[in-house]
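First to last, the sequence lines map onto chains A and B.
Per the working numbering, the first sequence starts with residue 1, numbered consecutively.
Per the working numbering, the second sequence starts with residue 1, numbered consecutively.
Keep in mind the hints are simulated off the structure, nothing from the lab.
Check each hint, because a few of them may be wrong.
Because identical chains cannot be distinguished in the list, a pair is counted as satisfied if it fits within a single copy or across any two copies.
Cross-link-like lysine to any residue pairs, in silico, SDA-like; alpha carbons within 25 Å at most [said to hold, decoys possible]:
id, residue 1, residue 2
1, 10, 24
2, 344, 360
3, 236, 82
4, 342, 115
Chain by chain, the residues run as shown.
Protein chains: 2
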Amino acid sequence: MSEQANIYSKQYLMTAGPTPIPPAVSQVMAEPIVYHRAPAFIEVYERALQNLGRVFQTENQVLSFAASGTGAMESAVANLALPGEPIAVVSAGKFGERWAELGEAYGAEVAHLQVEWGERIEPAALGELLAGMSKPPRAAFATQSETSTGVLHDVRGLTEVAHDHDAVICIDAVSGLGAVDLPQDEWSVDVVVSGSQKSLMCPPGLAFVSVGERAMARAEETAGRGGRRYYFDWSKTAGGQGEQPPNSPFTPAVTLWRALDAALGLILEEGLDRVFERHAILARAARAGVDAIGLERFGPDDDGANVVTAARLPDSIDGARVPKLMRERYGVTAAGGQGRLKGKIVRIAHCGYYGAFDIVVALSAMEMALRDLGLEVDPGSAAGAAQGVFSEVGRAPEPVG
Amino acid sequence: MSEQANIYSKQYLMTAGPTPIPPAVSQVMAEPIVYHRAPAFIEVYERALQNLGRVFQTENQVLSFAASGTGAMESAVANLALPGEPIAVVSAGKFGERWAELGEAYGAEVAHLQVEWGERIEPAALGELLAGMSKPPRAAFATQSETSTGVLHDVRGLTEVAHDHDAVICIDAVSGLGAVDLPQDEWSVDVVVSGSQKSLMCPPGLAFVSVGERAMARAEETAGRGGRRYYFDWSKTAGGQGEQPPNSPFTPAVTLWRALDAALGLILEEGLDRVFERHAILARAARAGVDAIGLERFGPDDDGANVVTAARLPDSIDGARVPKLMRERYGVTAAGGQGRLKGKIVRIAHCGYYGAFDIVVALSAMEMALRDLGLEVDPGSAAGAAQGVFSEVGRAPEPVG
């Protein structure tokens, strides 16, 4: 044999978006295209909209756009902010900072509290920011799970503080909605943004925003005062979705809606509580694995960061090579760091269609890549630590689909 | 047998968007999700971007968004218009009017020439509009194929007139690009907008805009002067797509990109000229069929309306029942009229993945629905007229895929 057999040709997607999707979701996209005004599509659209409400845990309409998650974030800024008027942003990573960039693009005066990437923003810090503003902000913006660092924020606490200061709060839950409990109505979160390609187990291309009454009223007020939007206008989409039957104001991405409908069905069949529990167990296993390797994790220990686990890489190695080796040598695609964290971290995702052995695979590939770079890692130590967590819970978490 | 056999249970999609897509395009969407920064996706993305340029017949970057076609239209307005400054819009249907709505949403002063729906706007009319403006517009906006009426406009003539008045012109070619020749660079069209779900034989969810140098310079100028955009900002997407390798600034809709890559491959394999010829023959057959039934068509006879054929329905029948019967009784989904044309027309699409027998099916179902409503239509007259056109060209147009 002139070439060595390749035992690593099988590919594993282990990123926090796009995430892998269940076969039952993939399949429906290969079916024939349906006209978006025909009953065959309207049935799918209506059911998916209803089920979105169940996953967002809200009675609000969940407004939907054909867009990346950023499109739904932009809708919040375009509908709430006004040129020359203040908004408040708290950030501790790339996606938090995007709120500030959006605010600036829309001409708002952005009061921006930037916390070190990898730290968690405490609700009190938002309170101080709001208390220090000379004029009440049109809205406050924060992040549930900061995908660039893995840190999870206390959405309930942030919302309470915002409301104490009479501010409307918008939460970017693009990666975490459907992985970590976020009962929007119970916690009175004004605006929750999400996307299809993370915990919702769909391909990228659909973006969602659930808007409470107070935020919607505030958006209507901006329309006559220099607010600029059309495609992302909340009232336009709310009007269309509110018709009987619901009617998207723009051609909906029909293949992605079929996928979403299938995925939401799987999530609700598994049960939201069990979905959250599965994510919690997988995250605990990932943390145990990272600890076993001897790497440091981002964020406080008690933060329940159940969406993605970020491990800090030692300065002694070229960190950018870790995800590169994992993918090129072992066929396991995990994400490195973004922006200022490039080369400094590796991220193991466990949001969406992930089960116990995905964590074993990701940790094993990581162990192997680290050893290739000269680090002393006991083969199987991380995978073993993960198994330890699984054994504790008595059964492997059940995958869906 | 308690029930009659249903010979019409097989479904046919005959709308002008979403359009049916080739099996080779459907299939790739069922494949596993790939990470958008991994080589497996970048290869697809890079090739599709290059091939988009060939289909747009341009050396420009074709900027791409996860959005409906309206998103790319909005990008043109958001990047070019400014609050309080004039733009020019010529419209003769629902999609032309969308340019004006977008302009108003962005606070522009819209000089809007509205022509009767179903008529064609002559380039001279745009000239008169531009000549009558007290201040030069930031841009002029028009439509190639007005999908709501089927009328095709003279993009070359409109562009020449706009340039005579030193105006930048933006063309909505959402439905017609890839069906009717639009050599952007040869005709010096400043901005061409399109979408994935019409002649490009893909599902909805990707929107494109090809921006020439002059328009791009004008967009950069608006950035510092109150222009509001982020997700649809041209320079952001141009910057990302211009990197080596190209890098979408926001998570690209990876399944739709795989579909687009497959579809563009089929279009270029067939050859653009033959694609346009196929559309021309199918349109001629649709027109012959409509004539044979004795219905009136929208638009001038010589307009080469090769994207969609709109037939005016007689006042003696309830027009809204025609597409309803076609779909519910015969399984053939064609579109009726939109907005003020509701109940007044039926539209037969022939843009994208359509071949000779699609026209035969659409015309036959239309004949049958009209007879059900009491019109005297000779069975097979429309289908026969279409066959007559096919025989003239000596061979059936070859379907793709």
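Evaluated hints:
no.	hint	verdict
1	10 <-> 24	both (20 Å within a copy, 23 Å between copies)
2	344 <-> 360	within (22 Å within a copy, 62 Å between copies)
3	236 <-> 82	both (19 Å within a copy, 22 Å between copies)
4	342 <-> 115	within (18 Å within a copy, 55 Å between copies)
In summary, this structure violates none of the numbered hints.
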